[in-house]
Amino acid sequence: MTTETRPRRPSTLAPPSEAVPPPPPPPRKAEPRPFLLDFVPLEGESDTRLARFFQRLREGQLATTRCPRDGALLWPPRVVCPTCHTEELAWVDLPSRGRIYAFSAVLAGAPLGMEADVPFAVGLVDLEGVPLRLFGRIEGRPWNALAVGMEVRVEPYDVGDGRFFYRFRAPE
Amino acid sequence: MTVRPVAIVGGVTTKFGVRPSTWAELCQEVGAALFREIPELRAEDVDSLFVGAAEPERFAFQSHMAPFAAEQMGLRPYRILQRTELACASGQSAIRSAYAAIAAGLSDVAVAVGVEKMNLPSMAEANAAMACVMDRAWDGPAGATAPPFFAMVAQRHMLEYGTTEEQLAAVSEKNHRFANTNPAAQFYEKTFPRDKLLRLPVIAPPLRLGDCSSMTDGAAAVVLAADDRVPRYTPTPAWIRGTGQYSDFHNLANAGSLTEWVGLKRAAREALGRAGIPVDQLDVAELHDCFTISEIVEYEALGLCPPGQGGPFAADGRGDRGGDLLVNPRGGLLGCGHPLGATGIAQAVEVYRQFARTVPAARQAPDPEWALVHNLSGSANVHSVMVYQAGRAS
Ligand SMILES: [Zn+2]
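Heads up: the protein sequence lines correspond to chains R and U, in order.
Going by our numbering, the first residue of the first sequence is number 434, and it counts up by one from there.
Going by our numbering, the first residue of the second sequence is number 1419, and it counts up by one from there.
Among the clues, some could well be false.
Listed next, the stretches of chain R that the computed footprint assigns to chain U, with coverage defined by at least 3 CB atoms under 8 Å from CB atoms of chain U [what the hints assert, rightly or not]:
id	region
1	468-476
2	535-547
3	550-560
4	572-584
5	592-600
Now the in silico label distances, taken between C-beta atoms and shown as ranges [claimed, not checked]:
id	chain 1	residue 1	chain 2	residue 2	range
6	U	A1442	R	L470	22 to 32 Å
7	R	R586	U	R1692	44 to 54 Å
8	U	G1691	R	D503	28 to 38 Å
9	R	D591	U	S1540	22 to 32 Å
10	U	R1554	R	A523	20 to 30 Å
11	U	D1645	R	V551	52 to 62 Å
No lab work stands behind these hints: they were computed from the structure.
Note that CB positions come from ideal geometry on N, CA and C, so glycine has one too.
Could you build all of it, start to finish, from the sequences and the hints given here?
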């Protein structure tokens, strides 16, 4: 630690007048959530080469990447095929319906930022007609009214600050 | 290159539980206990240190954990110093790395220490730390943590095989009962009869509180030595005879079957194959019972019973004293608590003590020669197995 201090600059501000109230502070830009305490990924073109995924979600459509060489549907979306290592992956739209393969619920022990959501249901959902089983939040019904095999819809949603993610919705 | 035989020559654990102690204090405590336990060990003998710690960045905002732990323990390693991180298997990773270094001739005497301080002022913050073990960007936003994942394993096991809550409770009852022989266990002197377990609150259906291991603070350490150094420290070494690991996915979408743990089958086949023994030659096993359903699926994956029969195997006491194989005699993760980095080390300490016959009679395996230690990590997407043999110092 240093004991040296910077020389103070003389103040050029006039002393506050009692007659004129001080001007309001300029509007502050909202601080982004601390990145290390927030699970939702950054979605912009400058953050990720998968910005297209989030753009499609914003348009109401779940999508992912597919390898044109071996035909494999890849989840989560990627920039390189894990099998043949091509970087020439194609975007494909995914079905908007699926069936619950397994589910549970968080009744206690939610991560920071999700405490207000408790109780909430999560599950693995087999998408209709494609070999993909996605994990996600299941809304629309209390957890104890869900069932394995129940049909659910894919639902893109705004996480609250303009970013989009996906979840599932069970019939009400 | 010749592979040198390597043995664990002693080890200790601190008290596990909700500890009024920092990471630094836990490291100091376990270091002091280790030197008391092995009076022949001098700090200058220890040429290498491997530190199993899963998430000091999240639980303590502390990185660069290996020199941190070395200073706390009073060690000045001069060959290899590193941290090993593999979430819930970080401790076993430290042992495996020390084993590899000694076997290769790059180290003669190494310490593997595991430490975790998981209880924070905010449980939600601690739960967020646990959640980032999963695929943060893709599984995290939904709120994926271990309890709902293993709850889905239990749900599928119940659906596919008719496994019951009572069978889950049988695992918890056994491991909590054993924890009552272990003063270092978090749940020492706490009784959990099956009817009480079935009335505890549901955490992630169908799992209740008693089906889940807890957030725990604790540390554990072992000393590993090359065969020519072993007699200096102990007459009852635990020789490492086999090791295996397997991982085939990380994102939950790529888990495949929830009830058939292919990764454990492959890791166990590799480790037992290297040891040259079939599974029925084991005398004691430390299996990763982070949840009751885990131990049930592990019975099956190890081939102790056919697929789907893990529930009856538990309920019939075949993993208990007098059963087919003594499983989790120190109390398991359910009874001891699960300080991530320390768990794998504490399991090895139990193996050493079983071989040395220094555990209380209520949990001593009769004449043990072979032991298996298993850790899973994350969403059971990594399985790590080691096989030990009791023997004299050569
Ligand atoms: Zn490909």
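Can you give the numbers of the hints that this structure goes against, from lowest to highest? none
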